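Novice: Residue numbers (this note's numbering), protein chains in the order written: chain R, 1112 to 1309; chain D, 1112 to 1309; chain V, 1112 to 1309.
Wrong hints could be hidden among the right ones.
[As the list claims (entries may be wrong)] Heads up, incomplete: computed chain V residues facing chain D, CB under 7 Å, no partners named:
id	residue
1	V1141
2	T1183
3	L1184
4	D1274
5	V1275
6	T1294
7	L1297
8	A1300
Hints are computed from structural coordinates only; laboratory data are not their basis.
No experiment lies behind these values; they were computed from the predicted model shown.
Glycine included, each C-beta is placed from N, C-alpha and C at the ideal position.
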Amino acid sequence: MVQASETMTGAGDLDALIRDRVDALVTTRVDELMALEAARKAAKPKKLSIIATKGTLDWAYPPLILATTAKTLGWEVGIFFTFYGLKILQKKRNLEVGTTGNPAMPMPITMPQLMTALPGMTPMATWMMKRQFKDHGVASIDELLDLAVEMGVKLIPCGMTMDVFGFSKDGFIDGIEPVCGATHFLDWASDSDVSLFV
Amino acid sequence: MVQASETMTGAGDLDALIRDRVDALVTTRVDELMALEAARKAAKPKKLSIIATKGTLDWAYPPLILATTAKTLGWEVGIFFTFYGLKILQKKRNLEVGTTGNPAMPMPITMPQLMTALPGMTPMATWMMKRQFKDHGVASIDELLDLAVEMGVKLIPCGMTMDVFGFSKDGFIDGIEPVCGATHFLDWASDSDVSLFV
Amino acid sequence: MVQASETMTGAGDLDALIRDRVDALVTTRVDELMALEAARKAAKPKKLSIIATKGTLDWAYPPLILATTAKTLGWEVGIFFTFYGLKILQKKRNLEVGTTGNPAMPMPITMPQLMTALPGMTPMATWMMKRQFKDHGVASIDELLDLAVEMGVKLIPCGMTMDVFGFSKDGFIDGIEPVCGATHFLDWASDSDVSLFV
């Protein structure tokens, strides 16, 4: 409570007056600015950045399922396709499931790893996985790619590995981002809330 | 700029007094509030979110080792088990090491990839890895899972891939979180400090 | 609300003067301090933390390419080498490409998975990948490691898995960080902007 001096000598009182006034104003103003800052942060959409490096059918699902799921939550999402992951962007893609080297792959019958290397096993496992996903109402890779483009997921092909592995932009699906490098992608991803290397 | 009347004794002085006083008070108060904000942030536990997608013995270790390690640092930790990773949650799990396709797997003797596909290699590599970890005092997957549950690591099974791969909640170990989807997990993980796709 | 004495000439004016002056100064000062804080945050380098767990030629590239790329952007970068990833740090490393289990591996001719397990396929694929990268002007793993050390990328070997897999610090290249554990690395990585498990 401010007590003004009767005689107006009261420099100390003036000091107290200023101090109290300032303190109240600063607190209010800082609280206001901090609330504004918090609101600005909360309003900023979350960002998911994925690096998709694998080109088999099984490992094509996680980036696309996570990306489209994040979009339904209103997130900003980008997938950088590099190395074998570039196969996912191909128009004429033929993604297969690798069975050898993955004893965790659920198989219709138990078999040694040597049998998983038999000529017919890769197409069989690929067919099985496609059927399993379809039977359980999960979208196919074709559908997930269409959905991702439609929802605005940034699908970004890595220029450097396109050259190395011999991929051409002409062979890729429509609706994807311009070819770019890791520099550009890292810069874009630098304020990610969740980042994943698949 | 405040223009004080000349008829008011010491108006310029008053102005300077106010300015200095305000400046000092504002700085102090803002510093205080910012320190409070920083302390609040520092007190908030760090968060680690892991997506565990692989179901072999070797790839079961990293999510569980990282999760329990983060817990010792006081972090909040969640692992979303999806795709082959669901095998890790099974009560009657039989995690094996895949040798084919991984020429980086340390082998007792050098051998071509074809030999790694021989019927006996998967159980042999699995046995070797278990012995190696045990001999060096590293907990087994059973022990790491028990520890994770005890420490409060959230172990979350992915409902969608449970359906696709034919896993049932009844077959999973006790102490895990309710079955949920990628939407729920991404939302939980949206303020992660470290996020990893294993 | 400040109540100035009636006997004090211009006390109300003084009150208003102080209020306005304070209000302006507080706003200016708080804005200044918040801008300083924002500038401090913006000036803080971004941080990339990578866990490198794979020891084949193909999976040695991504951590080193991403790490050196992030360094060109001025980021702070650390790679924690664990599990098979420790092979990358070996002076006498012989990184090979696994062909079995990866039907996405571009092959000179179409072949069933069984053929990918033939004795000559691993060295052939390794030779092919090295040539492909060299032909397209991409640095070799040797060059990328040299560059990483020179640029100040922290290359950190995981002590626990060194023991388990039988790696010794003497066998590693020069210029790397002291051996440490997951606890130390997670603590370092806890303010990462981008974190990746390769």
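Novice: Would you pick out the hints that fail for this structure and give their numbers low to high?
Specialist: Per hint list: 2 and 3 violated.
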